[in-house]
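S.K.: Sequence:
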Amino acid sequence: MRVLTLLRKAVTPPPQTWPKNDLYDALFYLRIVVALVLGTLYGALGAQGLMIFLSFMGVNIFVGNAWLKWQNIDEAEYEDPDKINQSPLTFEGFAPAVAFFVLLWVTSFNVLAVPR
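Using this note's numbering, the letters of the sequence shown correspond one by one to residues -16 to 99.
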């Protein structure tokens, strides 16, 4: 139930107030939803190759960053001063989304793709 609440809040137009934990969770689940959609779509279409994987990586980063900009979130507030100027929001949920994408891509490819 919390996931649906976060996703509903994530798709409402700004301005939203985001507690830090909710912001990280919303971005995580947004990336998981992108992985779900693209993994199933690419697998069902029978898409193969490195370019498909790289296109997912690009779309995943773009969607996350575009959503942060759309919500008017200042990533500088979340930077760790001891590290290079890299916001943890940039890659929040990225690795699990990649793993979920590959799992869905391979599974839907083997189950749904039309044999050639």
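Simulated from the structure, these hints should not be mistaken for laboratory data. Computed from a prediction, not measured in an experiment: that's the story for all the values here. Be aware that a few hints might be false.
Stated by the list, open to error - Ranges between beta-carbon positions, derived for each pair: (1) N55 x L95: 35 to 41 Å; (2) R(-9) x P79: 18 to 24 Å; (3) Q(-1) x M34: 21 to 27 Å; (4) L33 x N55: 32 to 38 Å.
Ideal Cβ placement from N, Cα and C applies to all residues, glycine included.
S.K.: Does each hint hold? Answer for all of them.
M.R.: How the hints compare with the structure:
1. N55 x L95: 35 to 41 Å: holds (39 Å)
2. R(-9) x P79: 18 to 24 Å: holds (21 Å)
3. Q(-1) x M34: 21 to 27 Å: violated (35 Å)
4. L33 x N55: 32 to 38 Å: holds (35 Å)
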